[in-house]
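Undergrad: Each chain, letter by letter, is given below.
2 protein chains.
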Amino acid sequence: MKARQQTSFLFDLDGTLVDSVYDHVLAWHDALQEVGIEVSVWRLHRRIGMSGGLFTKALARETGQEFSAGILEKLRALHAKYYGARSMRTRPLPGAQELLAYLTDNKIPWAIATSGRIETAGPVLKILGVDPAKNVVITRDLVRYAKPDPDLFLAAAEKLGTDITSACVVGDSIWDMLAAQRARALGIGYLSGGYGTEELERSGAYRVYEDPADMLAHIDEVGGRR
Amino acid sequence: MKARQQTSFLFDLDGTLVDSVYDHVLAWHDALQEVGIEVSVWRLHRRIGMSGGLFTKALARETGQEFSAGILEKLRALHAKYYGARSMRTRPLPGAQELLAYLTDNKIPWAIATSGRIETAGPVLKILGVDPAKNVVITRDLVRYAKPDPDLFLAAAEKLGTDITSACVVGDSIWDMLAAQRARALGIGYLSGGYGTEELERSGAYRVYEDPADMLAHIDEVGGRR
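For the record, the sequence lines run as chains A and U. Take the first sequence: its letters are residues 1 to 226, numbered as in my numbering. Take the second sequence: its letters are residues 227 to 452, numbered as in my numbering.
Any given hint could turn out to be false.
Unchecked claim - Chain U residues, not near chain A, derived (Cβ > 10 Å throughout):
hint, residue
1, Thr233
2, Lys300
3, Arg317
4, Asn361
5, Asp389
6, Glu424
7, Asp437
8, Arg451
What the hints assert, rightly or not - Taking lysine to any residue pairs in the SDA-like style, the calculated list, with each CA pair at most 25 Å apart, reads:
hint, chain 1, residue 1, chain 2, residue 2
9, A, Lys126, U, Val265
10, A, Lys81, U, Ala311
11, A, Lys57, A, Val39
12, U, Lys307, A, Thr90
13, A, Lys57, U, Arg317
14, A, Lys126, U, Lys352
15, A, Lys126, U, Gly262
16, U, Lys352, A, Glu38
17, U, Lys307, A, Asp214
18, U, Lys307, A, Lys126
19, U, Lys300, A, Arg86
20, U, Lys283, A, Gly84
21, U, Lys307, A, Arg86
22, U, Lys283, A, Tyr82
23, U, Lys307, A, Tyr82
24, A, Lys57, U, Val265
25, U, Lys300, A, Met88
26, A, Lys81, U, Asp256
27, A, Lys57, U, Gly321
28, A, Lys126, U, Glu264
29, U, Lys307, A, His79
30, A, Lys81, U, Lys283
31, U, Lys283, A, Gly95
32, A, Lys81, U, Arg315
33, A, Lys126, U, Arg317
34, U, Lys300, A, Arg89
35, A, Lys126, U, Gln259
36, A, Lys81, U, Lys300
Said to hold, decoys possible - Derived list of chain A stretches under chain U, where covered just means 3 residues or more per stretch with a C-beta under 8 Å from a C-beta of chain U:
hint, stretch
37, 16–22
38, 27–38
39, 84–97
40, 186–193
What the hints contain is simulated information worked out from the structure, not anything from laboratory work. Built from N, CA and C at the ideal position, the CB exists for glycine as well.
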């Protein structure tokens with residue numbers, strides 16, 4: 001028999017702990033509009049949380065255009081500019097700080113793993129009150145492939161010193177859930193990124209909550225004890 | 227046997243013909259933040275398309291606050307201000323103008339029925355190229371109750387001179403689909419407002435398309451012929 005394992009929680013950041021998904025969506029839309037690329041907003045929403053590289057590749061396929069390296073660099077800079085103009089107003093999602101404090105107090109390992117770079121993630125981590133010097137935070141800069149590849153979550157589990165196959169990946173997007181499956185972790189979905197329950201369940205969520213407050217209220221359902 | 231009826235199409239506006247749902251969402255969020263009310267963005271997204279009165283009632287229930295008439299008036303003005311700042315950049319959704327032109331050319335009756343007031347709907351109707359003097363457009367100002375009540379769609383069918391029970395209500399939100407059921411029309415859902423296929427189907431959509439272009443490509447599936 002396999003020894004009992006301590007459950008750990010590996011959190012996505014945008015839309016899972018902080019209320020920033022819609023800001024990212026419109027920042028991408030404004031950036032694309034500025035370089036003359038027309039894409040419906042809902043298609044951008046459905047791609048948020050993916051690696052930026054895969055995001056622009058998917059976009060190129062959908063719009064039938066080739067993006068030069070120069071355009072890609074410009075898009076990234078414009079997105080950072082427009083997102084930055086809103087990100088100081090970003091709020092932690094309800095219960096986010098309480099949930100992380102509960103886990104810390106109960107010595108349950110947790111980490112944050114985000115497809116964002118430290119440049120955009122840094123300011124919202126500060127708003128959330130998470131210090132990457134004291135907590136395990138894996139950003140896109142630290143791994144070769146971002147979501148839906150499992151690398152971010154694998155790196156987070158390794159840095160925590162926990163086994164990924166006893167971890168829960170907590171996220172709001174189907175990319176988190178697909179990455180969870182590829183990592184052989186369990187997926188927990190949140191509605192707080194704006195996707196529907198069924199989308200999260202179909203992409204592998206074994207449980208769906210509204211947001212961190214809702215999960216904290218039901219923490220016993222998903223192994224939240226020492 | 228009931229006589230064969232001409233199918234007519236009653237369209238929602240925001241998120242169905244024009245790409246404005248996310249602008250409305252963030253305009254509401256900015257307005258609420260300005261008066262000190264904190265609500266997660268996804269909860270606003272899930273309420274867009276509802277009557278403004280029901281929207282603020284639901285919000286009051288969810289946040290456990292009472293909103294005075296003064297606050298409600300201020301919220302409406304702030305939303306109009308923030309939405310207005312973005313609405314000149316709104317684009318028709320792919321295929322919207324082609325779909326309406328196809329219906330007109332084929333003498334298939336169509337109308338627009340929106341929970342928005344003419345003040346916010348006017349500018350985007352202009353971008354869409356629809357003139358309320360020449361086409362049937364029912365705005366919130368013209369009926370007592372907006373969606374999910376069926377009044378807007380009933381008024382649209384009546385003004386077209388068609389039977390609501392042979393009409394299709396085309397919209398992106400579950401409020402459109404619920405209103406369609408209450409009116410005994412068939413509901414056609416679009417993904418272009420950012421909701422998932424299953425949400426639309428569960429609220430009554432008998433068919434779901436990505437956007438107007440996708441419906442136009444499959445118009446024979448839903449009675450699009452004279």
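Undergrad: It remains to establish, for every hint, whether it holds in the given structure.
TA: The hints, checked one at a time:
1. Thr233: Holds, since 26 Å exceeds 10 Å.
2. Lys300: Holds: least Cβ distance 19 Å, greater than 10 Å.
3. Arg317: Given that some Cβ of chain A is not farther than 10 Å from that of Arg317 (chain U), nearest at about 6 Å, it is violated.
4. Asn361: holds, 23 Å
5. Asp389: holds, 32 Å
6. Glu424: violated, 4 Å
7. Asp437: At roughly 6 Å from the nearest Cβ of chain A, Asp437 (chain U) sits no farther out than 10 Å, so the non-interface label is violated.
8. Arg451: Its Cβ never comes within 10 Å of chain A, the nearest being 27 Å, so this holds.
9. A:Lys126 to U:Val265: holds, 20 Å
10. A:Lys81 to U:Ala311: The given pair, whose Cα atoms are some 18 Å apart, holds under the 25 Å limit.
11. A:Lys57 to A:Val39: Given that 25 Å is the threshold and the Cα spacing comes to 14 Å, the pair holds.
12. U:Lys307 to A:Thr90: Holds, because 20 Å separates the two Cα atoms, which is no more than 25 Å.
13. A:Lys57 to U:Arg317: Judged against 25 Å, a Cα distance of about 23 Å means the pair holds.
14. A:Lys126 to U:Lys352: Measuring from Cα to Cα gives roughly 43 Å; hence the hint is violated.
15. A:Lys126 to U:Gly262: holds, 21 Å
16. U:Lys352 to A:Glu38: holds, 19 Å
17. U:Lys307 to A:Asp214: violated, 33 Å
18. U:Lys307 to A:Lys126: Measuring from Cα to Cα gives roughly 30 Å; hence the hint is violated.
19. U:Lys300 to A:Arg86: holds, 22 Å
20. U:Lys283 to A:Gly84: Given pair Lys283 (chain U), Gly84 (chain A) is violated - Cα atoms ~33 Å apart, limit 25 Å.
21. U:Lys307 to A:Arg86: holds, 17 Å
22. U:Lys283 to A:Tyr82: violated, 32 Å
23. U:Lys307 to A:Tyr82: holds, 20 Å
24. A:Lys57 to U:Val265: Judged against 25 Å, a Cα distance of about 34 Å means the pair is violated.
25. U:Lys300 to A:Met88: holds, 24 Å
26. A:Lys81 to U:Asp256: holds, 19 Å
27. A:Lys57 to U:Gly321: holds, 24 Å
28. A:Lys126 to U:Glu264: holds, 19 Å
29. U:Lys307 to A:His79: Status holds; Cα separation ~24 Å.
30. A:Lys81 to U:Lys283: Roughly 36 Å separates the two Cα atoms, so the pair is violated.
31. U:Lys283 to A:Gly95: At roughly 24 Å apart (the allowed maximum being 25 Å), Gly95 (chain A) and Lys283 (chain U) satisfy the hint.
32. A:Lys81 to U:Arg315: holds, 18 Å
33. A:Lys126 to U:Arg317: violated, 36 Å
34. U:Lys300 to A:Arg89: OK: Lys300 (chain U) and Arg89 (chain A) at ~20 Å, within 25 Å.
35. A:Lys126 to U:Gln259: holds, 20 Å
36. A:Lys81 to U:Lys300: violated, 30 Å
37. 16–22: holds (count 3)
38. 27–38: Result for this restraint: holds, n = 3.
39. 84–97: Holds, because 4 residues of the stretch 84–97 of chain A bring their Cβ atoms closer than 8 Å to Cβ atoms of chain U.
40. 186–193: As far as the stretch 186–193 of chain A goes, the hint holds, because 3 residues have Cβ atoms under 8 Å from chain U.
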